[in-house]
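Given chain A's structure and the hints, the job is docking chains B and C onto it.
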Amino acid sequence: MTTLFLIQLLNGVQYGVLLFLIAAGLTLVFGVVGFINLAHGVQYMIGAYMTFVFQSITGDFFGALLLGMVAALILGLTLEVLVFRHLYERDHLDQVLATFGIILFVNEAAKVIWGPGTLTIAMPEILSGTIQLTDNLLYPVYRIALIGMGVSVALLLYVIVTKTRVGMLIRAGATNASMVSALGVNIHRLFMIVFGFGAMLAGFAGALAAPIFTIEPGMGDDLLIVTFVVIIIGGIGSIRGAFIAALLVGLIDTLGRTLATDVMRLFFDASAANQIGPSLAAMLIYIFMAAILFFRPQGLFPTQEAA
Amino acid sequence: MSGVSTSGSRETFSGKRVDRSLVVGWSIMALLMLTPFLTEFAGGNYVQNIVLKAMILAIAAVSLDLLIGHGGLVSFGHAAFLGLGSYVTGVALHEGVVGAVPIIAMVVIFCGLFAMITGAISLRTSGVYFIMITLAFGQMLFFSLSSLSSYGGDDGLTLWDTPILFGQDDLLRGTGLFYVTLILLVACWLLVWRLSLSRFGRVLRAAKENPQRVSTLGFNIFHIRLIAYVIAGTLAGVAGFLTACQTEFISPSTAAWQNSGNLIIMVVLGGLGTRNGAVLGALFVVFAEEGLSLITHDWRLIFGPVLVLFVLFAKGGIANLLPNSTAGQ
Amino acid sequence: MKKFVSALGAITLGASTLGMGSMASAEDLKIGLVVTLSGPPAVLGRQIEDAFNLAVEDMDGKVGGLDTQVIVVDSELKPDVALTRVKGLLERDEVDFVVGTVFSNVLGAIFKPITRSETFLISPNAGPSTLAGKNCNPYFFSTSYQNNQNFEVLGKYAQEQGIRSVFMMVPNYQAGRDAVEGFKKYYTGDITNEVFTPLGHKDFSAEIAQMSTSNAEALFTFMPGGMGVRFVKQFRDSGLADKMKFLSSFTVDEATLPAQKDAALGFFGATTWAPNLDLPQSKAFVASFEKKYGYIPGGFAMQAYDAALLIDSAVRAVGGDMSNKDAVRKALEAADFKSLRGKFSFNNNHFPIQDFYLLRVAQRQDGKYWTEIDTKVFEGYKDSFASECKM
Chain A
904 MTTLFLIQLL
914 NGVQYGVLLF
924 LIAAGLTLVF
934 GVVGFINLAH
944 GVQYMIGAYM
954 TFVFQSITGD
964 FFGALLLGMV
974 AALILGLTLE
984 VLVFRHLYER
994 DHLDQVLATF
1004 GIILFVNEAA
1014 KVIWGPGTLT
1024 IAMPEILSGT
1034 IQLTDNLLYP
1044 VYRIALIGMG
1054 VSVALLLYVI
1064 VTKTRVGMLI
1074 RAGATNASMV
1084 SALGVNIHRL
1094 FMIVFGFGAM
1104 LAGFAGALAA
1114 PIFTIEPGMG
1124 DDLLIVTFVV
1134 IIIGGIGSIR
1144 GAFIAALLVG
1154 LIDTLGRTLA
1164 TDVMRLFFDA
1174 SAANQIGPSL
1184 AAMLIYIFMA
1194 AILFFRPQGL
1204 FPTQEAA
Chain B
466 MSGVSTSGSR
476 ETFSGKRVDR
486 SLVVGWSIMA
496 LLMLTPFLTE
506 FAGGNYVQNI
516 VLKAMILAIA
526 AVSLDLLIGH
536 GGLVSFGHAA
546 FLGLGSYVTG
556 VALHEGVVGA
566 VPIIAMVVIF
576 CGLFAMITGA
586 ISLRTSGVYF
596 IMITLAFGQM
606 LFFSLSSLSS
616 YGGDDGLTLW
626 DTPILFGQDD
636 LLRGTGLFYV
646 TLILLVACWL
656 LVWRLSLSRF
666 GRVLRAAKEN
676 PQRVSTLGFN
686 IFHIRLIAYV
696 IAGTLAGVAG
706 FLTACQTEFI
716 SPSTAAWQNS
726 GNLIIMVVLG
736 GLGTRNGAVL
746 GALFVVFAEE
756 GLSLITHDWR
766 LIFGPVLVLF
776 VLFAKGGIAN
786 LLPNSTAGQ
Chain C
1222 MKKFVSALGA
1232 ITLGASTLGM
1242 GSMASAEDLK
1252 IGLVVTLSGP
1262 PAVLGRQIED
1272 AFNLAVEDMD
1282 GKVGGLDTQV
1292 IVVDSELKPD
1302 VALTRVKGLL
1312 ERDEVDFVVG
1322 TVFSNVLGAI
1332 FKPITRSETF
1342 LISPNAGPST
1352 LAGKNCNPYF
1362 FSTSYQNNQN
1372 FEVLGKYAQE
1382 QGIRSVFMMV
1392 PNYQAGRDAV
1402 EGFKKYYTGD
1412 ITNEVFTPLG
1422 HKDFSAEIAQ
1432 MSTSNAEALF
1442 TFMPGGMGVR
1452 FVKQFRDSGL
1462 ADKMKFLSSF
1472 TVDEATLPAQ
1482 KDAALGFFGA
1492 TTWAPNLDLP
1502 QSKAFVASFE
1512 KKYGYIPGGF
1522 AMQAYDAALL
1532 IDSAVRAVGG
1542 DMSNKDAVRK
1552 ALEAADFKSL
1562 RGKFSFNNNH
1572 FPIQDFYLLR
1582 VAQRQDGKYW
1592 TEIDTKVFEG
1602 YKDSFASECK
1612 M
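Chains as they are written, first to last, in our numbering: chain A, 904 to 1210; chain B, 466 to 794; chain C, 1222 to 1612.
Keep in mind the hints are simulated off the structure, nothing from the lab.
Fair warning: this is a prediction, and the values are worked out from it, not measured in the lab.
Just so you know, not all the hints are guaranteed correct.
Stated by the list, open to error - Covered, in the sense of this in silico footprint (three residues per stretch, anywhere, with C-beta under 8 Å from a C-beta of chain A), are these stretches of chain C: (1) 1261-1272; (2) 1415-1425; (3) 1446-1455.
Stated by the list, open to error - Ranges between beta-carbon positions, derived for each pair: (4) 1047/A <-> 767/B: 40 to 50 Å; (5) 638/B <-> 1249/C: 24 to 34 Å; (6) 638/B <-> 1194/A: 42 to 52 Å; (7) 688/B <-> 1166/A: 50 to 60 Å; (8) 1048/A <-> 688/B: 50 to 60 Å.
Stated by the list, open to error - If you want a taste of the chain B side facing chain A, the calculated C-beta under 7 Å gives, among others: (9) 597; (10) 598; (11) 608; (12) 612; (13) 615; (14) 773.
Don't be surprised by glycine CBs; every beta carbon is placed ideally from N, CA and C.
Same shape as in the complex, but just chain A (with noise of 0.2 Å):
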C-alpha cells in the first residue's frame, strides 16, 4: 500500500509538472499583459500536432519537439499581431470573445487537416523502457524523463525571473505595468517576448505530453480550464504560485481519484461509495479552490494590489 501511494505522489508531480508548463505562460500573460488568453489551449494543442508532423517527416521525436515548439512560438507570435495587440486596452470580455473564437477556429481546423481520430506518437527510442521499482510494479521511464524535463524548466524560468534584466523587468510588470512603461521600457516588446515565450511553453508541453496523452482536436480545452485553477490558486502572474498550485492541483487530482473512493467506502456502502466517490474526485480540484478563495481571495501568492 505504502509503494502504492509512492506511485501515485509520482504520478501527481508528473501531472503536476504537465500542467506547470502550461500555467507558466498563462500566468505570465495574464500578470503581465492583463490579457484573459483563452486560446492558451490552442497553443498546447498545436504543438502536439505539429511534432507529429514534424516526426512524421523526420522520424526523430527530439528534432520535431523542437520544431514543435518553434511552430507554437510562430503562431503565438502571429496571434499576437493579428488579435491581441488590439485588445490589450479593450475590456476583458473582448478579449474572451474574441480568445473563443480563435479556440473554435483553431479546434475545428486540426479537425478539417488531421481528421477527428486520436493520434499518436511513438516515444523516443531511448527513453521507451520501464524501470522496475518493486517486484510487481514498472515505471515508465519516459514519465520520468517527463518530470525532469519539467522540472529543469521550471528552475530555467525561475532563473531567468528571478536573476535576469527581463525578468526583473517580467515582474515588475505583474506588479505594475503602467509604471515599468512610464520609466521607459518598451512595454510593447515586452508583452511580445511575454506572450512568444508563454505560447512556446504550452507549446512545448502539449509536444512532451503527446507520446502519453495522445492528440485529438480540442485536446487543450479541458486542460485550460484546469490551468485557470491553477494560476488562480496560485495568484495570478506569480511565478512561483503557479509552480506551487500545479504540484497541488496534480497531486489532489491523482490521489482524490483513487482514493476518493475508498474513504467513501468507510461511510457508505460500497454500490453508494461507487457513486459518490468518482463524482467527488471529480470536484475535488474546484472545492480546493473555492476554498482557498475563501480564505485567500487573491491567490496563494498575490502579486498586484487589487484585482
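Positioned in the frame of chain A, the structure of chains B and C alone reads:
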C-alpha cells in the same frame, strides 16, 4: 489592468435613451409575438422551435446581464442555474408532481438557495477570482447532477409528462409554451429594466465603478450584490424550468461550463448592460449555430473568425449597431 | 432607424433560409441521419454516415425502390443541439425515418419527439436499457444491441475460462455503470477493484499502478474513443500487457486501432460482428467500404448498413406506401433482409436476437490492424430487459 472592469461609458441613463431602448425592446417582443404567425408561411414549427430556444436562453442571458452589465460581476457558472432549474422540474415530474405552480415555486426556492449560498462565498472575491469561483460552483453542480444515477446520470432523463398550468396541459408545450415563455421574457426584461432604474440598480452600477466610494456612502455592497446574484440565479432557474418543458428531457450537459461560456458570449455579443443586447445576442448565437450548420458541418470555421472580427471592429455589441446607441461610437 | 430595419430584415431572411433548408427536392423517401460529427467522437459518426451512404449507393439511390434523400445532421454530442436539429428533420424535412444515434444521452433527448410524431426511429448503435425495457416503443427499432450485452459476453467468457480475479475500470457515466452491471451478470469470480475514471480521462498512470498491485488475472475495461487509445498505449507501455488478460468492449475496435496499432495486438473485444466474418455479404461490404473510404469498417458501420437494409426491406414490403404505419411496423418487425452479420431477427422489444463473439486484435497481411472473431460466446442471444417491455 485591474481585473475585470466592464466598460462604463454607457452610464448616462438620460430619459431619451431609455425611451429608445424601450422602443427597440418592444419591437423585438412584438416581432417575437408574431413569430408563430410568420412561421406559418416559412419555416413552420422548426423555426418557431428555434426562436423558442433562443427566447429561453434570452431569459438566462438577461439575468446574467444584470450581473455582468450592471454589477460588473462576471459569473462563469450561470448555466448551473439553468441546469438546477431543469433538474428540479424533471425530478418533480418524475416523482409525480405535475402542477406547474408548485414546480416553479420549488425551482425558485432551490435556485434562490443555491444562489444565496454560493453567492455569499463567491462575492468575497472579485474580478477574475470571481469568474473562477463561480466556475467552481458550476462544476460542482454539474458533477453532482451527473452522478444522480436514479435520474439517468449523464444520460439524462426523458420527461413523459408535461407540467399542468391553470388546469391546462397544453400551455407548457408547443405554441402555448411559446407564449408563456414570451410573457416570462417580457416580465424578466421589465423587471431588470425597473431594477436598473431603481436606487438598487444605481448603487449596483456605482459599486462596479467605485466600490470604495459606494461603501463610504454607507451602502453594504456585499448585500446589494448578493441580492442581485439571487435574483439573477432565480430568473435563470425559471429559464431552466422552461428548458425542461421545451426539450421534455433533462441532461447534466445543460449545466456544463461550455454552456455558461455560451451565455457570457450572448451577453457580450449583444452588448453589456443593455437588456436588448442580451436578447439579440441569444437570438444571434442560436440562429448562427443552426443556420451555419446547414451550410457545413464544420461551421465553427466560419463562426470563430466572425467572433474575432466582431470584437475587433464592432465595439459594444449588437445592441450598439442599432441606432439608439448613445455610447459615442 | 434604417439600420434597425435592415437588421430585422436580416433576421427574417435568416429565418426563412432556415425554413427553406431542403425544400427544393421532392424525393419519395426521406431519411434523417443523426450522428455525432464534432470533436473526436466524430470518428464513430463518420463510420455510420459512410456506411449508410454506401448502402444507399449500393441500392442505386433507391431505398425500397423509391428515390431517396439522406439528410445528415450533427448532434455535436449535445442533447439540446440534437433535439433542435431533429425537430428540423421532423417538421421541416418531414422525414419518413430517423436513423440515430451513436450515444445514449443523445438518443434519450430525441426519442420522445420522434416517436410521438409517429416517425420510425432506428438506432444504429445506442441501446440504453430503458428503451429495451419499460420504455420500449412501437416506433423504435435497434439494429445494434442493448448496451449491456457486449459486457455480458465478456463476463460470460471470463467465467467460462475460469479466470479467478478481475480488475474493472470504466468511465464514470451511465454506460460505464451499465458495463459493470453487464459484466457481473455471468461472472462470479473475485473482483479486486472497481475503478471509475472521469469521462475523457487522459492520464491512466494512477489506475495502472493500482492494476499492477492488484494481482488480478484479467482486466475488464470499457474506454470508448480517444480514452481507449490513450489507455491501451499507456497500458502497453507499463509492461502489464504480459501479465493481465485484456478484456474490453468499445476499446479496441476499427475506430481506434489505426491509432493504437501494435499496442493493442492480442487484446480482446466483444460484439456481434468482425470485419473478417466469413459470410459473402459481409466480405463484399468490407471490400467495397475499404475501397471507397480507405479505412476498415467497424461494428458501427455494419450496424448502419444493416439499418439501411432494414428500411429497404420494409419499404419494399409495403410497396412504398408509408401512410399505413402499422403495415410498415409489421414489415420492419419481419426483418426480412440479409444482415451482414448473418442470423438476425427482432425480439418483442424491437432489439435484435443475434450471435455474439469474442474478438481479438490482429494484424492483417497488408499491415493494417483489425479485429478477428475468436470464439462464439452466445448463439441467438436476447437482451435481459425484453421481459419488461409491454408492447
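Using the nearest Cβ pair, does residue 612/B come within less than 7 Å of chain A?
holds (4 Å)
When you take the CB atoms of residue 638/B and residue 1249/C, is the distance between them in 24 to 34 Å?
For residue 638/B and residue 1249/C the Cβ distance comes to about 32 Å; the hint holds.
Given residue 773/B was flagged as interface, is its beta-carbon under 7 Å from a beta-carbon of chain A?
Nearest chain A Cβ about 4 Å off; hint holds.
Do residue 638/B and residue 1194/A keep their Cβ atoms within the hinted range of 42 to 52 Å?
43 Å Cβ-Cβ, so the 42 to 52 Å window holds.
Is the gap between the beta carbons of residue 1048/A and residue 688/B within 50 to 60 Å?
holds (54 Å)
Min Cβ distance, residue 598/B to chain A: is it shorter than 7 Å?
At about 5 Å, which falls below the 7 Å cut-off, the nearest Cβ of chain A leaves the hint on residue 598/B intact, so it holds.
Is the distance from the Cβ of residue 688/B to the Cβ of residue 1166/A consistent with 50 to 60 Å?
violated (38 Å)
Examine the region 1261-1272 of chain C: at least three residues should have C-beta closer than 8 Å to a C-beta of chain A.
Check passed, 5 qualifying residues.
Are there three or more residues in the region 1446-1455 of chain C whose C-beta lies closer than 8 Å to some C-beta of chain A?
holds (count 6)
If you look at each residue in the region 1415-1425 of chain C, do at least three have a Cβ nearer than 8 Å to any Cβ of chain A?
holds (count 8)
Taking the closest Cβ pair, is residue 597/B under 7 Å from chain A?
holds (4 Å)
Return holds or violated for the Cβ distance of residue 1047/A and residue 767/B against the range 40 to 50 Å.
The hint (40 to 50 Å, Cβ to Cβ) holds, given that residue 1047/A and residue 767/B are roughly 45 Å apart.
Of the hints listed earlier, those the structure fails to meet are numbers 7 and 13, in rising order.
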